[in-house]
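Can you build the whole structure from these sequences, using the hints too?
Listed here are the chains, written in short residue letters.
2 protein chains.
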Amino acid sequence: MRVAFLGLGIMGQRMAANLVKAGHEVSVWNRTPKALEGARVGATPAETAQGAEVVWMCVTDTAAVEQVLFGPNGVNSVLTEGMVVVDSSTISPSSTVRFAKKVRARGADYVDAPVTGSKTAAGDGTLVFIVGASEERIAQLQPLFDAMGKTVVRVGDTGMGHAAKLAMNLQVALIYEGFAEGLTLATKLGVEPDRLIELIQTSIVRSGVVDYKAPFVLARDFTPHFPLRLMRKDIHLMLDAAKEVRVKLPVLETVEEIYEVAEEEGFGDLDFAATLELLEKWAGVEVKGAK
Amino acid sequence: MRVAFLGLGIMGQRMAANLVKAGHEVSVWNRTPKALEGARVGATPAETAQGAEVVWMCVTDTAAVEQVLFGPNGVNSVLTEGMVVVDSSTISPSSTVRFAKKVRARGADYVDAPVTGSKTAAGDGTLVFIVGASEERIAQLQPLFDAMGKTVVRVGDTGMGHAAKLAMNLQVALIYEGFAEGLTLATKLGVEPDRLIELIQTSIVRSGVVDYKAPFVLARDFTPHFPLRLMRKDIHLMLDAAKEVRVKLPVLETVEEIYEVAEEEGFGDLDFAATLELLEKWAGVEVKGAK
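These protein sequences, in sequence, are chains A and B.
Remember, this note's numbering sits 44 above the position in the first sequence when you count from 1.
Remember, this note's numbering sits 44 above the position in the second sequence when you count from 1.
What the hints contain is simulated information worked out from the structure, not anything from laboratory work.
Be careful, since some hints might not be right.
It does not matter which identical chain is used: a pair holds within one copy or between any two.
Quick list of in silico lysine-lysine cross-link-like pairs, DSSO-like style, CA-CA up to 27 Å [what the hints assert, rightly or not]: (1) LYS292 with LYS277; (2) LYS292 with LYS325; (3) LYS287 with LYS145; (4) LYS146 with LYS194; (5) LYS287 with LYS325; (6) LYS194 with LYS163; (7) LYS163 with LYS78; (8) LYS65 with LYS78; (9) LYS78 with LYS277; (10) LYS325 with LYS163.
Listed below in structure tokens is the structure:
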């Protein structure tokens, strides 16, 4: 298929490369110009999207999606009947519904397809796509999903992909904070961290989140895999969405406060796992490694 | 071995039955008199423990352990050199250290060995024991652990079993609240609950906690497997222990508030999964099933 890929960040560049590898005709654009082997580089979002069947976005936030679509030289100006816009960013569900309405007014369709998975999964083409779209539209996009991911979960219609993605990241944040609070308590009471982690791995509290983070925590390595400031951004999206539909999320609100303080204290560019160090600091735990 | 088993609640009766089944010579006692096939029934803790090699407790709380050991007709009066007292209740780590000191003054030893696992695991003899004791003492007790459990994880010395158990239940509570908040948000935004649960099961947020609870949540069945008021009791133990060692647990404090309100609103005898209904109520979600 002819695909315009907009946004060559950590995830986007790997996803676009997998589209090229699968033989699709790919044009790319990035805010700060970047090339991608085997792809044509466009000058603007509009020029890149011109003539494409599918326009795939993977950008920073809601404002960036709006800019790419409806800003100067935005995609909207070149949309034609039958084109499909797909958004793999993590953004606001209600803004998504608004963007979709404007895109559909031009005869194109709009799909939200955020992903779960690390940059490794993006590279390997084993992402999970969380999709808000009709079954029919998903079938049409299947060759592209196949090139970049291993699983497509349809969670509903437009906006539901982002809604479900936020609910997933909410759980990532809360599972990790549960681990961090449990570990801090147990450690201060005298339990060795590796004993507790061994125990976790025999039990019903075992999760991929903790399996993934535990070795880094034991090594006191907070190199960013998912930077704290990006998780904080997602937490703000969750709380904004919750406010819009009047849902009260008391635990998430508390986690947000922890992230606020963590960022103020200079942890923003570390992995979000570094929130543990804040708890340890509050508890006066002797930390063996370095921040 | 000659074992006195004190406390025939939901877990204790199944654990003691497995000791009988494995051929051990078992005497039992319960606060409200109860019989157990194949076991001698004692009149008091002291009388039941008299002459036993191991005294195993599985009672309600810290006060109950203290009463059974040091109250009138308590075990302490019959302790002799070489006896071992084991506690599989979930109680305060610091009280455990205090109890152990008094027991050791009589020449006996003290082991904390709380369990993870449901009543089914207690029945099947597949519990996980979280043990604070020396390797040597664990080896001595191995035939009894084998009769009741599938795994023994040594987490440290006396008191560490309870410390680690509290850290585990903390994670159970927080993982579930993460699921409940994520589900409430996604549902109010329009995602079908079973779609979100399907997504969870493909992802790194999958855990035994949610795998176990999700079908009951979808069926709106809050029959108590682990009653909310008992989880609340454990949360108090965690926060008490945290206070003793000056650890600040902001997320757990928020979860405690949710449990306080839930119990005030009459959810205490439901499963702790019913905290979801409180979030839904706050969010004005239409609930299809009944409380």
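Checked hints:
1. Taking identical chains as interchangeable, the C-alpha atoms of LYS292 and LYS277 lie at most 27 Å apart whether they share a chain (18 Å) or sit on different chains (24 Å).
2. Only between protomers do LYS292 and LYS325 lie at most 27 Å apart by alpha-carbon distance; the minimum there is 10 Å, versus 29 Å within a single protomer.
3. Within a single copy, LYS287 and LYS145 get their C-alpha atoms as close as 22 Å, which meets the 27 Å cut-off; across copies the closest is 53 Å, which misses it.
4. Taking the shortest alpha-carbon separations for LYS146 and LYS194, neither the intra-copy value of 31 Å nor the inter-copy value of 59 Å comes in at or below 27 Å.
5. Taking the shortest alpha-carbon separations for LYS287 and LYS325, only the inter-copy value of 15 Å comes in at or below 27 Å, while the best intra-copy value is 32 Å.
6. Proximity of LYS194 to LYS163 under the C-alpha cut-off of 27 Å is restricted to the intra-copy arrangement: shortest distance 14 Å within a copy versus 38 Å between copies.
7. With identical chains, the CA atoms of LYS163 and LYS78 are at most 27 Å apart within one copy only, with a shortest distance of 18 Å there and 59 Å across copies.
8. Taking the closest pair of Cα atoms, LYS65 and LYS78 come within 27 Å of each other only inside a single copy of the chain (18 Å); across copies the shortest separation is 70 Å, beyond that limit.
9. With identical chains, the CA atoms of LYS78 and LYS277 are at most 27 Å apart within one copy only, with a shortest distance of 25 Å there and 57 Å across copies.
10. Taking the shortest alpha-carbon separations for LYS325 and LYS163, neither the intra-copy value of 30 Å nor the inter-copy value of 38 Å comes in at or below 27 Å.
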